[in-house]
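Engineer: For reference, the chains in residue letters:
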Amino acid sequence: MTGDSFVDEALLKRVPRWRDYLEAKLGFRNHWYPVCFSREAPESEVKPVKLMGVDILLKRIDGKVYAMRDRCIHRGVKLSEKVECYTRSTITCWYHGFTYRWDNGVLCDVIASPNTPLIGRKKIQTFPVEEAKGLVFVFMGDEDYVPHPLSQDVPPTFLDDDMSVVGAAYTVGSNWRLGCENGIDDLHIYLHRESPLVPNTQRSLPLGHTDRPDDYFLLHEAEGEPKGVSTRTFKDAAPMAYEGSVEGRVVVHGTKMHQSPEEAAKKRTTGHFIAVPGVLRVDNFPYVGRFQFEWYVPLTEDSHLYIITIGKRCATDEERAEHEHEYVHRWRPVSLEGFNNQDIMAREALQPFYNNDRNWLEETLVREDNGIVHWREVCHRASQGVQKPSDVS
Amino acid sequence: MTGDSFVDEALLKRVPRWRDYLEAKLGFRNHWYPVCFSREAPESEVKPVKLMGVDILLKRIDGKVYAMRDRCIHRGVKLSEKVECYTRSTITCWYHGFTYRWDNGVLCDVIASPNTPLIGRKKIQTFPVEEAKGLVFVFMGDEDYVPHPLSQDVPPTFLDDDMSVVGAAYTVGSNWRLGCENGIDDLHIYLHRESPLVPNTQRSLPLGHTDRPDDYFLLHEAEGEPKGVSTRTFKDAAPMAYEGSVEGRVVVHGTKMHQSPEEAAKKRTTGHFIAVPGVLRVDNFPYVGRFQFEWYVPLTEDSHLYIITIGKRCATDEERAEHEHEYVHRWRPVSLEGFNNQDIMAREALQPFYNNDRNWLEETLVREDNGIVHWREVCHRASQGVQKPSDVS
Amino acid sequence: MTGDSFVDEALLKRVPRWRDYLEAKLGFRNHWYPVCFSREAPESEVKPVKLMGVDILLKRIDGKVYAMRDRCIHRGVKLSEKVECYTRSTITCWYHGFTYRWDNGVLCDVIASPNTPLIGRKKIQTFPVEEAKGLVFVFMGDEDYVPHPLSQDVPPTFLDDDMSVVGAAYTVGSNWRLGCENGIDDLHIYLHRESPLVPNTQRSLPLGHTDRPDDYFLLHEAEGEPKGVSTRTFKDAAPMAYEGSVEGRVVVHGTKMHQSPEEAAKKRTTGHFIAVPGVLRVDNFPYVGRFQFEWYVPLTEDSHLYIITIGKRCATDEERAEHEHEYVHRWRPVSLEGFNNQDIMAREALQPFYNNDRNWLEETLVREDNGIVHWREVCHRASQGVQKPSDVS
Chain A
1 MTGDSFVDEA
11 LLKRVPRWRD
21 YLEAKLGFRN
31 HWYPVCFSRE
41 APESEVKPVK
51 LMGVDILLKR
61 IDGKVYAMRD
71 RCIHRGVKLS
81 EKVECYTRST
91 ITCWYHGFTY
101 RWDNGVLCDV
111 IASPNTPLIG
121 RKKIQTFPVE
131 EAKGLVFVFM
141 GDEDYVPHPL
151 SQDVPPTFLD
161 DDMSVVGAAY
171 TVGSNWRLGC
181 ENGIDDLHIY
191 LHRESPLVPN
201 TQRSLPLGHT
211 DRPDDYFLLH
221 EAEGEPKGVS
231 TRTFKDAAPM
241 AYEGSVEGRV
251 VVHGTKMHQS
261 PEEAAKKRTT
271 GHFIAVPGVL
281 RVDNFPYVGR
291 FQFEWYVPLT
301 EDSHLYIITI
311 GKRCATDEER
321 AEHEHEYVHR
331 WRPVSLEGFN
341 NQDIMAREAL
351 QPFYNNDRNW
361 LEETLVREDN
371 GIVHWREVCH
381 RASQGVQKPS
391 DVS
Chain B
1001 MTGDSFVDEA
1011 LLKRVPRWRD
1021 YLEAKLGFRN
1031 HWYPVCFSRE
1041 APESEVKPVK
1051 LMGVDILLKR
1061 IDGKVYAMRD
1071 RCIHRGVKLS
1081 EKVECYTRST
1091 ITCWYHGFTY
1101 RWDNGVLCDV
1111 IASPNTPLIG
1121 RKKIQTFPVE
1131 EAKGLVFVFM
1141 GDEDYVPHPL
1151 SQDVPPTFLD
1161 DDMSVVGAAY
1171 TVGSNWRLGC
1181 ENGIDDLHIY
1191 LHRESPLVPN
1201 TQRSLPLGHT
1211 DRPDDYFLLH
1221 EAEGEPKGVS
1231 TRTFKDAAPM
1241 AYEGSVEGRV
1251 VVHGTKMHQS
1261 PEEAAKKRTT
1271 GHFIAVPGVL
1281 RVDNFPYVGR
1291 FQFEWYVPLT
1301 EDSHLYIITI
1311 GKRCATDEER
1321 AEHEHEYVHR
1331 WRPVSLEGFN
1341 NQDIMAREAL
1351 QPFYNNDRNW
1361 LEETLVREDN
1371 GIVHWREVCH
1381 RASQGVQKPS
1391 DVS
Chain C
2001 MTGDSFVDEA
2011 LLKRVPRWRD
2021 YLEAKLGFRN
2031 HWYPVCFSRE
2041 APESEVKPVK
2051 LMGVDILLKR
2061 IDGKVYAMRD
2071 RCIHRGVKLS
2081 EKVECYTRST
2091 ITCWYHGFTY
2101 RWDNGVLCDV
2111 IASPNTPLIG
2121 RKKIQTFPVE
2131 EAKGLVFVFM
2141 GDEDYVPHPL
2151 SQDVPPTFLD
2161 DDMSVVGAAY
2171 TVGSNWRLGC
2181 ENGIDDLHIY
2191 LHRESPLVPN
2201 TQRSLPLGHT
2211 DRPDDYFLLH
2221 EAEGEPKGVS
2231 TRTFKDAAPM
2241 AYEGSVEGRV
2251 VVHGTKMHQS
2261 PEEAAKKRTT
2271 GHFIAVPGVL
2281 RVDNFPYVGR
2291 FQFEWYVPLT
2301 EDSHLYIITI
2311 GKRCATDEER
2321 AEHEHEYVHR
2331 WRPVSLEGFN
2341 NQDIMAREAL
2351 QPFYNNDRNW
2361 LEETLVREDN
2371 GIVHWREVCH
2381 RASQGVQKPS
2391 DVS
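Line by line, the protein sequences are chains A, B and C. Using my numbering, read the first sequence as starting at 1 and increasing by one per residue. Using my numbering, read the second sequence as starting at 1001 and increasing by one per residue. Using my numbering, read the third sequence as starting at 2001 and increasing by one per residue.
Derived from the structure by calculation, the hints contain no laboratory data. For glycine and all other residues, C-beta sits at the position ideal for the given N, C-alpha and C. Careful, some of the hints might be misleading.
Stated by the list, open to error - Here's a subset of chain C near chain A, in silico, CB distances under 8 Å, partners left out: (1) F2006; (2) R2071; (3) Y2086; (4) Y2095; (5) P2114.
As the list claims (entries may be wrong) - Computed cross-link-like contacts, EDC-like style, restricted to lysine to aspartate or glutamate with a CA-CA straight-line distance of at most 20 Å: (6) K1078/B - E2362/C; (7) K2082/C - E337/A; (8) K2078/C - D302/A; (9) K1082/B - E2194/C; (10) K2312/C - D2162/C; (11) K82/A - E1348/B; (12) K123/A - E1247/B; (13) K1078/B - D2185/C; (14) K1388/B - E2194/C; (15) K388/A - E81/A; (16) K122/A - E1362/B; (17) K1078/B - D2162/C; (18) K2388/C - E362/A; (19) K1078/B - D2004/C; (20) K1388/B - D2357/C; (21) K78/A - D1008/B; (22) K1123/B - E2194/C; (23) K2388/C - D357/A; (24) K78/A - E1362/B; (25) K1082/B - E2337/C; (26) K2078/C - D2062/C; (27) K82/A - E1194/B; (28) K13/A - D2004/C; (29) K388/A - D1008/B; (30) K2082/C - E194/A; (31) K1078/B - D2357/C; (32) K2122/C - E363/A.
Claimed, not checked - Partner residues are not named here, just some residues of chain A that face chain B (Cβ under 7 Å, in silico): (33) R75; (34) T99; (35) S303.
The shape of chain A in the complex, shown without the other chains (with noise of 0.2 Å):
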């Protein structure tokens, strides 16, 4: 660390391109990022969440969620090491008894101290939140940045109003982006070969692609629209390779099933959108119909909170009802926990050797890499901010 960075400015230089990406070792400000779903803060809980190296409480008031750093700016101490809450709208810190409000973060009492002048002019950080589809959002930001709209930061589709979403979390052991460029690694699904996902869905599973064509990215880097990378429809854009050879000999094979092209198309991934700061849709997965919403949150250098959700296109309760029956008997057994943690393997053993800065650079990536590293440059042009370590200190 030089100066107010986590990374050597000499490193950066280097990556003209991708250099605020390269230094985005917390994520980039000023954006949404889920903390947790919203059945994990119930009605009146104080519930302590962390987001990009930053401690956070959360408390439910009539159905709103607040946040507000988990830090009194008084001496430093965490409020959560014994949270006092007196009145509903109000938090007490322990130890001297300054009592911030939910809604602004105001210092509007200080029980030790009852008339210091402090008191209504002094401010604890408090973070802006929103809630979709059972998630809740905080935006990490800027004291002067205006906060855009929660559409600006996810996947389109993902809120649509029809759209049926559940899931569960996961700790990773890996920073944020090894998450991110996993779920968008093309090659990777070799890692995957043997997943009881494939058996499941009667998947036809390649282990690669023997080419891809120029255009099979698309940049979206409009104003005011989720910034990103997606891909083109995979169907017929990249050649599988279902035979793996050594030495000229196939010594692994891929799991091509014999089945009609209309019923081959039912079991396909079709695409799918990473959009800034964090956040993958993969369309038709694990199954036709279905679209994968997973969030890779920082939560300090060498870990991410690894959200992963399934939508679905929900008429009506009772739709909405077995799809949710689905998650649970079927695809959370199956496809997070037989699928995506073979993800989180990869991941955790990608992270000794990019927790080492100077190692971006010494990567060997092949072409079928390039949409990471569309990603890692996109990223850099949307950016607005770094979290620094004056962020977080």
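Using the hints, position chains B and C against chain A.
Structural biologist: The following block gives chains B and C in isolation, referenced to the frame of chain A:
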């Protein structure tokens, strides 16, 4: 760490009035510190202790305690890895037989090289030792600094002939300065409102203060006397708050007892005196006629030895025995472990914030914290030297 | 660490005669190091080892052992996270199917991207391997450095045809240099005075030496030969001290046996030879006619692999079997685990002091430590390169 300092020079420059205090992560040199109770250093036993990052060995010989650095001059191993004392007045290193005299540290023999010219010419570092009131004090000083009397490094009255002192020691997971600042914190009584000490002593315990006169503190900086900060008597000096309000509504109460002024006076702490290098006297605490003397002795950057003693003026052996009995059966369980344990929790909660040197400049102090600021400034002006990385390496 | 060095340049400048040695925290490059016993690398098994901070994979194919860096060139994951060998001559990365040849490291296939032009053009780092006397040696070398013969990196006689060698390996929690220096330390016999080896071999064991001639050491620096330091024969060269005195009084005794000169000679170690990059031969140890060969192989900054072997000249299979039987039933329990374990304790006790680079300049050496100083200087002059942070990142 830049150069030979634990703290960045740029930060130190920003607090010219208490610069040395910010730098003194491992305490101030050229002072007397208690390292253990006398009862923990019985005749002939070699006892390892730590002080300000330095490993030290104690040994009592004919009643007098000697202190020596626990590191062989030859190749730096700890003598305490395997204690070898062939004679009463020496200790021998287990590795090559380097043998030192306890009284002056002189290398008097080298068993594996009996003719080496180093004998008689080299010495291991030794430290002056004093005992008082059942505590062993070590002087952590520069080579050319003649130790001043112990009386300059303890609060007045501690060494009085009739002062009988008993107590215990606890290792606390915070820097020593947070121990001091919690100890003299006028507002943290709020934290103690549910301590068992309150009902036990029928003490009125406010939640805080509403105001305080400008001349509340006395600074002690006279040559040859203890340096520090004391309070004028509490009586009338600081109107007490027995009710805590949040948003205009009373939500928490102190424990104001209905008792005559004479009764109340018997249960009131009347003042405190904190002295360099980090020792506090609290008057009439935990009860009228008792004095709490407590030390915050630097061990490592993030731990200190919290020595708590209770003194009482005793004229006879019977009175002393009664005082000790009261300590064991009343004050230790009710006050040390029912009141001061709350202070330990608070200091350990302060540590993550103040562990980041920059955060010493990010506090939001109230007016009632000026006792803490006075303390920092007196320490700076009284400083005879700061423990540096090179002193402990 | 400043720039690409483990040690601060300002410190290195202060020891011009052994600068490279002080810098070589992870050892010297362009040398042969044993990494395991041959018996630990059976045919077809993939075995992970560590050498000088680098993770390495071994595989024996048709009797010959190959060594490859345990880090995929693509994105840096360890191949050993999940070993996949589809053919006898290759290993495949579990993540994307990057496949390397054991014999030359060439990327011969990428299962997930079978047409990538990287195939045949890129390679993973491989290391020359030699086997001798039941040990697997790896050459940690620069790309353009042609490995010299193994015979230059072991003490004379080790490779002799009739030398039969058996032994074991221990991981020790100290830097490798402390292993070397303890090994050749002339004074540390004091430490061993109560080893079970002494009564077992009826050996006279002094506590130290009283004097030593100036020409006691021989430096070996001839081109094409092992570089190192040896002693002249101990006999008469260094008068032995069998009594240890403190303050003029004898307090500890060596184990001087009453035996004829012929008997005594049979139980006497007669000299040692330490060679770059850190291997010691002790002559007539643990008994007459045996040679202890031991290595201190750098693993990490604060650990080394301590390989202890005992060699004996054997003319027949029967003699070899007898030597092995004696090793298992006598020398391993009595000498390796009853004598050398004391050395392990000593090295781990040295580590906290020498872990601070500055303390290498704070020793107080005696004249008898000049063997250690010769060793440091010979290493510096012989240095073909120091392992740097960039070599292990």
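Engineer: Against which earlier hints does the structure fall short, listed by number upward?
Structural biologist: Hints 1, 14, 15, 17, 19, 21, 22, 26, 35 not satisfied by this model.
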